Amino acid sequence: DGGITQSPKYLFRKEGQNVTLSCEQNLNHDAMYWYRQDPGQGLRLIYYSQIVNDFQKGDIAEGYSVSREKKESFPLTVTSAQKNPTAFYLCASSILRQHNEQFFGPGTRLTVL
Amino acid sequence: KNQVEQSPQSLIILEGKNCTLQCNYTVSPFSNLRWYKQDTGRGPVSLTIMTFSENTKSNGRYTATLDADTKQSSLHITASQLSDSASYICVVSGRNQAGTALIFGKGTTLSVSS
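Just so you know, the protein sequences line up as chains A and B, in that order.
Numbered per the numbering used here, the first sequence spans residues 15 to 127.
Numbered per the numbering used here, the second sequence spans residues 164 to 277.
What the hints contain is simulated information worked out from the structure, not anything from laboratory work.
Computed from a predicted model, the values in this text were never measured in an experiment.
Mixed in with the good hints, there may be bad ones.
Unchecked claim - Listed below are the simulated SDA-like cross-link pairs for lysine to any residue, each with C-alpha atoms no more than 25 Å apart in a straight line:
(1) Lys97(A) / Gly204(B)
(2) Lys269(B) / Gln55(A)
(3) Lys269(B) / Glu76(A)
(4) Lys164(B) / Arg58(A)
(5) Lys180(B) / Gly257(B)
(6) Lys234(B) / Gly179(B)
(7) Lys220(B) / Gly257(B)
(8) Lys164(B) / Ser248(B)
(9) Lys220(B) / Ala264(B)
(10) Lys23(A) / Ser248(B)
(11) Lys269(B) / Pro120(A)
(12) Lys269(B) / Arg123(A)
(13) Lys234(B) / Lys97(A)
(14) Lys71(A) / Ala264(B)
(15) Lys164(B) / Gln55(A)
(16) Lys23(A) / Ser250(B)
(17) Lys85(A) / Arg205(B)
(18) Lys97(A) / Val66(A)
(19) Lys71(A) / Lys164(B)
(20) Lys71(A) / Lys234(B)
(21) Lys269(B) / Phe102(A)
(22) Lys23(A) / Thr272(B)
(23) Lys220(B) / Gln244(B)
(24) Lys234(B) / Glu217(B)
(25) Lys220(B) / Glu168(B)
(26) Lys71(A) / Ser36(A)
(27) Lys269(B) / Asn165(B)
(28) Lys269(B) / Thr226(B)
(29) Lys71(A) / Gln235(B)
(30) Lys220(B) / Glu76(A)
(31) Lys97(A) / Lys269(B)
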């Protein structure tokens, strides 16, 4: 069953803690992306990666970090430096970054207590 | 500045009725435009993708139109169903200094009631 998965679905974090969100895809896609979604706002790009061991900052990368050690996996770490981390986080993948449809995962809702 | 504006922000209709959602963009150069459906608490799912030369594209009860001259797109939903209740997001693909960029609209929240 091909697709893109994210875990966990819900995540709670205390202030000052780092937390890592998982994203895995078995679509053999080259590119992967992380977005943040806040109520009443459009999706905003945090980081993206077009190939293994390479990734680029998006529009709101501050307070976040990523790694791309495997083609299938693109974990996102929300660090304590992120001032307002409570949000819905979406991971996506595509064949190529340009001109192709992005397939989204089911999302992770992060709440900072 | 590349922008995508969607209207209305929210919409309530009765089951079985039709509705039209609007998307205006100022993205240049334009590559393509996509409509996504996002159920509450889920990831967006693609409905249609339209390139510069396409005027109309259908996917079941969903019909998207594109007027590249006026930079407007619409998504028409026919004979709405309760399962159509969701957020509909317009996404335009353009280019910025870093390469290709996707510009997301804020979405229209549709509620279909019985």
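Evaluation of the provided hints:
{"no.": "1", "hint": "Lys97(A) / Gly204(B)", "in the structure": "23 Å, holds"}
{"no.": "2", "hint": "Lys269(B) / Gln55(A)", "in the structure": "5 Å, holds"}
{"no.": "3", "hint": "Lys269(B) / Glu76(A)", "in the structure": "22 Å, holds"}
{"no.": "4", "hint": "Lys164(B) / Arg58(A)", "in the structure": "16 Å, holds"}
{"no.": "5", "hint": "Lys180(B) / Gly257(B)", "in the structure": "34 Å, violated"}
{"no.": "6", "hint": "Lys234(B) / Gly179(B)", "in the structure": "29 Å, violated"}
{"no.": "7", "hint": "Lys220(B) / Gly257(B)", "in the structure": "20 Å, holds"}
{"no.": "8", "hint": "Lys164(B) / Ser248(B)", "in the structure": "31 Å, violated"}
{"no.": "9", "hint": "Lys220(B) / Ala264(B)", "in the structure": "23 Å, holds"}
{"no.": "10", "hint": "Lys23(A) / Ser248(B)", "in the structure": "21 Å, holds"}
{"no.": "11", "hint": "Lys269(B) / Pro120(A)", "in the structure": "18 Å, holds"}
{"no.": "12", "hint": "Lys269(B) / Arg123(A)", "in the structure": "18 Å, holds"}
{"no.": "13", "hint": "Lys234(B) / Lys97(A)", "in the structure": "36 Å, violated"}
{"no.": "14", "hint": "Lys71(A) / Ala264(B)", "in the structure": "12 Å, holds"}
{"no.": "15", "hint": "Lys164(B) / Gln55(A)", "in the structure": "17 Å, holds"}
{"no.": "16", "hint": "Lys23(A) / Ser250(B)", "in the structure": "19 Å, holds"}
{"no.": "17", "hint": "Lys85(A) / Arg205(B)", "in the structure": "24 Å, holds"}
{"no.": "18", "hint": "Lys97(A) / Val66(A)", "in the structure": "29 Å, violated"}
{"no.": "19", "hint": "Lys71(A) / Lys164(B)", "in the structure": "20 Å, holds"}
{"no.": "20", "hint": "Lys71(A) / Lys234(B)", "in the structure": "29 Å, violated"}
{"no.": "21", "hint": "Lys269(B) / Phe102(A)", "in the structure": "14 Å, holds"}
{"no.": "22", "hint": "Lys23(A) / Thr272(B)", "in the structure": "22 Å, holds"}
{"no.": "23", "hint": "Lys220(B) / Gln244(B)", "in the structure": "20 Å, holds"}
{"no.": "24", "hint": "Lys234(B) / Glu217(B)", "in the structure": "13 Å, holds"}
{"no.": "25", "hint": "Lys220(B) / Glu168(B)", "in the structure": "20 Å, holds"}
{"no.": "26", "hint": "Lys71(A) / Ser36(A)", "in the structure": "18 Å, holds"}
{"no.": "27", "hint": "Lys269(B) / Asn165(B)", "in the structure": "14 Å, holds"}
{"no.": "28", "hint": "Lys269(B) / Thr226(B)", "in the structure": "20 Å, holds"}
{"no.": "29", "hint": "Lys71(A) / Gln235(B)", "in the structure": "30 Å, violated"}
{"no.": "30", "hint": "Lys220(B) / Glu76(A)", "in the structure": "39 Å, violated"}
{"no.": "31", "hint": "Lys97(A) / Lys269(B)", "in the structure": "22 Å, holds"}
In this structure, the earlier hints numbered 5, 6, 8, 13, 18, 20, 29, 30 are contradicted, and the remaining ones agree with it.
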